[in-house]
Amino acid sequence: MQQIYLDHNATTPIRPEVVEAMLPYFTGTFGNPSSLHWAGRQAKQALETARDRVAALIGAKSSEILFTSGGTESNNLAVHGVLKPRGATSLRLVTTPIEHSSVLETVKALGTDVEPVDIVTLAVNGQGRVSLSDLEAALTPDTVLVSVGLANHEIGTLQPIRELSPTIRERAIPFHVDAVQAVGKIPVDVNQLGVDILSLSAHKIYGPKGIGALYVRQGTTLSAVFRGGPQEREKRPGTENVAAAVGFGCAAQLCAQDIESTHPRLIHLIARLWDGIQWHIPDVVRHTPTQACLPNTLNVGFAGASGEGLMMGLDLAGVAVSTGSACAAGSVEPSHVLLAVGCDEAGAKSAIRFSAGRDTTEEDIEAVVRILPGIVERVRKAGRSG
Amino acid sequence: MTNPLHHYQENHGTRVLAALSGGVDSAVATALLVEAGYEVIAISMLLAGSTGGHAGSCCSIDDFQDARRVAEQLGIPYYVLNLKEAFQTRVIDVFTQEYQRGRTPNPCLLCNRDLKFDLLWQRARELDAAYVATGHYARIGWDEATRTAHLLRGADPYKDQSYFLFTLNQAQLKRTLFPVGHLTKEQVRAKAHTLDLRVAEKPESQDICFVPDGNYARFLEQRISSERVISGEFVDQTGRVLGSHAGIHRFTIGQRRGLRLGGLTQPHYVTHIDPASGRVTVGTQEQLKRHGLRATDVNWVSGQQPDTIQVAAKIRYRQDPIAATVSTTTATTAEVWFQEASPAITPGQAVVFYDGDRVLGGGWIAGSLP
Chain A
1 MQQIYLDHNA
11 TTPIRPEVVE
21 AMLPYFTGTF
31 GNPSSLHWAG
41 RQAKQALETA
51 RDRVAALIGA
61 KSSEILFTSG
71 GTESNNLAVH
81 GVLKPRGATS
91 LRLVTTPIEH
101 SSVLETVKAL
111 GTDVEPVDIV
121 TLAVNGQGRV
131 SLSDLEAALT
141 PDTVLVSVGL
151 ANHEIGTLQP
161 IRELSPTIRE
171 RAIPFHVDAV
181 QAVGKIPVDV
191 NQLGVDILSL
201 SAHKIYGPKG
211 IGALYVRQGT
221 TLSAVFRGGP
231 QEREKRPGTE
241 NVAAAVGFGC
251 AAQLCAQDIE
261 STHPRLIHLI
271 ARLWDGIQWH
281 IPDVVRHTPT
291 QACLPNTLNV
301 GFAGASGEGL
311 MMGLDLAGVA
321 VSTGSACAAG
331 SVEPSHVLLA
341 VGCDEAGAKS
351 AIRFSAGRDT
361 TEEDIEAVVR
371 ILPGIVERVR
381 KAGRSG
Chain B
1 MTNPLHHYQE
11 NHGTRVLAAL
21 SGGVDSAVAT
31 ALLVEAGYEV
41 IAISMLLAGS
51 TGGHAGSCCS
61 IDDFQDARRV
71 AEQLGIPYYV
81 LNLKEAFQTR
91 VIDVFTQEYQ
101 RGRTPNPCLL
111 CNRDLKFDLL
121 WQRARELDAA
131 YVATGHYARI
141 GWDEATRTAH
151 LLRGADPYKD
161 QSYFLFTLNQ
171 AQLKRTLFPV
181 GHLTKEQVRA
191 KAHTLDLRVA
201 EKPESQDICF
211 VPDGNYARFL
221 EQRISSERVI
231 SGEFVDQTGR
241 VLGSHAGIHR
251 FTIGQRRGLR
261 LGGLTQPHYV
271 THIDPASGRV
281 TVGTQEQLKR
291 HGLRATDVNW
301 VSGQQPDTIQ
311 VAAKIRYRQD
321 PIAATVSTTT
331 ATTAEVWFQE
341 ASPAITPGQA
351 VVFYDGDRVL
361 GGGWIAGSLP
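Chains A and B supply the protein sequences, listed in that same order. With our numbering applied, the first sequence corresponds to residues 1 to 386, in that order. With our numbering applied, the second sequence corresponds to residues 1 to 370, in that order.
It is worth saying that the hints were derived from the structure and are not from the lab.
One-sided and incomplete, this derived list gives chain B residues near chain A with beta-carbon spacing under 8 Å:
| # | residue |
| --- | --- |
| 1 | Ile-41 |
| 2 | Leu-46 |
| 3 | Arg-68 |
| 4 | Pro-77 |
| 5 | Tyr-79 |
| 6 | Val-80 |
| 7 | Leu-81 |
| 8 | Arg-123 |
| 9 | Leu-127 |
| 10 | Asp-128 |
Note that the Cβ used here is the ideal one computed from N, Cα and C, for glycine as well.
Whole structure, please, built from the sequences with the hints as guidance.
Structure (structure tokens):
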């Protein structure tokens, strides 16, 4: 059976060059970067080169990059690291309802009796965008952090970060941006965006899993959350994952090189997919905006069909897509993002996310357009007679 | 009568949706289907809880993990269906409401009737599967002469679960497989060992899956607001007040324990629960006995409704069948008269009609007849 992978927002395959670059760091250059001898120095050098490369991808300084275990840790560190030194006075934190759960759950856990943080969730419009005026209205003197995702993982909406940042920085409030889904797909420059803290992850850009980074602008106060060592400028203790960092650095470098050629290709592929779906399948609704969105993401609702059933049907035909988010048991929960942008429960449960990548071909898209109508028809029919 | 599992050439490429719970029965059922050449897709159903779950109940993370590992071992695709919402409204809420009506619901029956089979069937149609398979201890026979599918007891008399399947109809039976129905529990475990399935020695799940500690009263009291609790009096057969109780949801017909009634010379049992007055009537074992019952939502597996028929009736899962006569009263109701008076006719439970090994049909107990 042919296998077509259209779930690049979940993860991407590691590029062969990246694997090649990592291999020496498992055996030959195995040292602990904190060691003071030759083995440590070799490892340290590799780690710092990797840091340079990750920094270069987002226009940051090397000293502003902390390696973490991935996007989720980066988002946790951003939120806790900023709030921690503030103590238990009345604080406000501003975010949006469509953030990744690693931001939303972290923030929600703060708004409890133990840590009585006032959480303000900005409204989003039907495309998932926040407005500058809403943001301005939400900012108070006791606001200590604004956290807004650059690109949404489910529907691909881009937030107007550049429009938002001057207002926030004017008030000297740290601005955190979760850019896990954006980096590698669109150009991301921390200075152009005007952000203070930014999360990114290696496995979304054809690097290894288990490593990510947090950009922290020089001068931004951020405390460590874990204890136990001086690594990563005393912000993130623990022996660094050198091989993974090298892989991350290599992936970042490759990504910076071919983003210009990949971007239009992805736009073209997604346009073909949407054309095909619209032409062959009635009653579909596009949840991904047509403007200011990720080039690789297409979220579509198939009215009257269960997204779970569609995902399974496509999977059995060799096509990997996603629907909603997975719970601990592995079943699908309706997407909180779709609910926040105004979908009703039924609408949220009938959506599928396609996310293409650099390995996606025209043939892949054609095959999906061929397979999909039959599956949608069958799933819709089964729902009606049930 | 045909073997439910045909042979490899015939089955090859026939798609089956197999319900895999993480227990040994459904694991072996699924394995037998794979062995027989079917193209099997394994499904677990997430019914209650979200992330926690308790060891020993269904729907714990461990069970899904076990199911997933079994599917991996068998080399078949595996999915978890999220049925939490449907389970909440169609099983847990109904379970609570039924107790408030003075009835004793059977959530496993509700789940089979209103959830499992329905939704499995929907998924099967979506995925173009020809059959749905479960690990129930029951068998399906085929009568070529009348072109009728029969629902039969499982071969293991101690494990037979045909009682829980009386709502199935012809269309469903023709598209259902019970791969372990012809085996005993011992044989199922042996097969699991032969196949080196990781769940071979897993203990049986007990009790109601969403009340893992078996404390129904506490579970219900967490869901019924205190002002809606129907408390009232204990009365004897003549209406004499014997004491008071903390809520009708704590009682079921035939219950003896927990009544806390002093001054009675012989054991007393709950014989009647009246939700309107909150009265719980108690009496002796003799006074608990009834000669018949009224059944609603009656299903005849063959699709043919008889006027009057002699059957062996089971009014609880763990009970030997008793000789009875069933008379159809309307299209969906019947009266069941026992040859000898029987104790503890419990509204909310099912009455299932047998002819030897064959399930003829059944219904829901609405009330007793003198």
